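What follows is each chain in one-letter form.
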Amino acid sequence: MNQSRLTHLISTLPLKVRPKHRKFGNIEGLFGRLKMLRKTVTALVRYERIELNRFRADEARPYAERLISEALRYGDTHQPTMKLANFWLEDQSLIPKLFKVLSPRYQEWPAGLPYTRMLRAPSSASPDGSYESYERTVIELRGNPYPPLPGPVNTSVNPGLIHNVLLEEARKDYYNSQSKITQQAEQEINALPEIDNAHIDNVDDPVQIEEAQEVVTTTPMTKG
Amino acid sequence: MSFVKRLTLLSTQHLRRENLPLLIKGNERYFGFCPALLQRFVEPDRENVANIKRKQIEEQNKVLEIQRKSELDNAKAQVSTSDVSVPVIKSEKTGYNELEESFSPFRYVYPEFLPDPKLEWRNRIREKMERIDMLKRRSNIEIPEFYVGTIMKVSVSDKYAIGKTNEFLGICIERGGCGLRAFFTLRNVIDGQGVEIRYEMYNPIIQSIQVIRLEKRLDECLRYLRDCPLEYSTFPMNMQPELKNPDALVPINTTLVRIKPKPWTVKWHLLDYRGIENLYDQISEKWEYKRWAAARICKGSDSNEFDLMKIYRETIPADEQTQIFSEISPELAKLTQTLKKQKRKRTFTKPQKSV
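Keeping their order, the protein sequence lines are chains H and G.
Adding 1359 to a residue's 1-based position in the first sequence gives its number in this note's numbering.
Adding 390 to a residue's 1-based position in the second sequence gives its number in this note's numbering.
Keep in mind that the hints were calculated from the coordinates and are not lab data.
Note that the structure is a prediction, hence the values are computed from the model and not measured.
Check the hints yourself; a few may be wrong.
Said to hold, decoys possible - Below, a list of computed lysine-lysine pairs in the PhoX-like style, where the Cα atoms sit at most 20 Å apart: (1) H:1398 / H:1382; (2) G:700 / G:526; (3) G:652 / G:606; (4) G:518 / H:1379; (5) H:1375 / G:700; (6) G:730 / G:743; (7) H:1382 / G:700; (8) G:518 / G:606; (9) H:1394 / H:1442; (10) G:700 / H:1398; (11) G:508 / H:1382; (12) H:1375 / G:634; (13) G:650 / G:634; (14) G:634 / H:1394; (15) G:700 / H:1379; (16) G:700 / H:1442.
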């Protein structure tokens, strides 16, 4: 009952998948939601870089990635994938693009790197300043021919936090240790004979102490 | 409420005359005031749209292709044709696919080793520990390969029974659970009373699980047998195991079951069952028909087939499956050997009371 489905063999998505889907309040229900996301996916495949609202892009992104991964896994001649492509790409002329252009592009793709990329875009100002739905995002297929977009902005790490301070110091120590001069210095230090500075004469061994006492009593101080 | 008023509540996109073919006229009676349902039964005529836009898109694609081709691509092409002596480095993917192919049938025989795909409940450490415990249990008792529809005999230790064991034979109605919570239910009819017993596979109370007849049915869940005549669920308790060729494919029993007239315990017509013969003969009223059509849309085959993320959330990905099964397969191979040895060696000695 609650066992995993065995009918499909699918590749892992390198994305963080939310446990539940977003409903978008579609009057047609589940199928209406799919039709809405289908438009986004076809636009992505056609234009390779689109700007839209945040949640719609976030929902459509894993669908696009899944579609590409299915095309990669099963290829052109597999009947169910052809049906999938026919459903998800509203334009029939994009189906060959998926299999002939995008598939070879993502064939030897580094593992763990998603096929798409999502970036925040300048959003329209809302009166409250709190409308999440007005947040614009740009979603693009990696390897597209357009000039590259600058990466995410304002994701710098807070250097004042204590763990960042300690990490920074540790990093500095590591890099300093890697330089040749420090390595030579370490070698020289290791080569020196061992001097136990903590050891005080005639203190640790009890026998020696007694001898010292005896010595003290027998030799009185004399002045010339 | 008037027809027009109903329409104004919902979007008017579906109601454009151009979009509706003549086919609908027959069904208008049922779907006339629910355009959402109507739209689903209409396949939008996309061909004309594609024909009109195709040229534009082809041009766009051409432009993209030209831009895509960089100098490096040209260089690659040249190298591949000229240097034949360069060894072809196979991508890791081909090797990975072979591993996957070799372990993919495991998921049908050992489905309880795969964890529950629900993201909130995933815990890799707990799953790994469970697998270890499952293998330990499997080294004590032979849990055979079975499917929904197989006839099985289970003997359980019961302190109140004569001989301290309790045996039950029945057809496996359902199977589920992950890890040590894996279960299956057997159904049989005893003295004209239908009886179903749910057994937990890894419960140490179970003494033996024996497969009498290994076969599959058309459905993954046979709970509809409750609303069928009792002949379909009766199996004699003294059935002997039918030995079959272990290398052969598991046969699929395609018998169609006739369901009793309503009332039923569950609305079987709203669920997708292929093993019932006269299910839709029972639907007579208009509201039943509409409800059935609506259920087909809401939970229907299209969203199951095409909703890629729904499928993803309900399945364990193939790489994880191969990882899990490659971990346990050497242990399982050892188990079969040890169990065979135990069978040959087993001699029962009655414990003697010491004075």
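For each hint, the structure was consulted:
1. H:1398 / H:1382: 16 Å, holds
2. G:700 / G:526: 34 Å, violated
3. G:652 / G:606: 27 Å, violated
4. G:518 / H:1379: 25 Å, violated
5. H:1375 / G:700: 15 Å, holds
6. G:730 / G:743: Roughly 31 Å separates the two Cα atoms, so the pair is violated.
7. H:1382 / G:700: Given that 20 Å is the threshold and the Cα spacing comes to 12 Å, the pair holds.
8. G:518 / G:606: 30 Å, violated
9. H:1394 / H:1442: Holds: residue 1394 of chain H and residue 1442 of chain H sit about 15 Å apart, inside 20 Å.
10. G:700 / H:1398: Roughly 18 Å between the alpha carbons, so the hint for residue 700 of chain G and residue 1398 of chain H holds.
11. G:508 / H:1382: Distance ~18 Å between residue 508 of chain G and residue 1382 of chain H Cα, so the pair holds.
12. H:1375 / G:634: 46 Å, violated
13. G:650 / G:634: Measuring from Cα to Cα gives roughly 34 Å; hence the hint is violated.
14. G:634 / H:1394: Violated, because 49 Å separates the two Cα atoms, which is more than 20 Å.
15. G:700 / H:1379: 9 Å, holds
16. G:700 / H:1442: Holds. Residue 700 of chain G to residue 1442 of chain H sits at ~17 Å (cutoff 20 Å).
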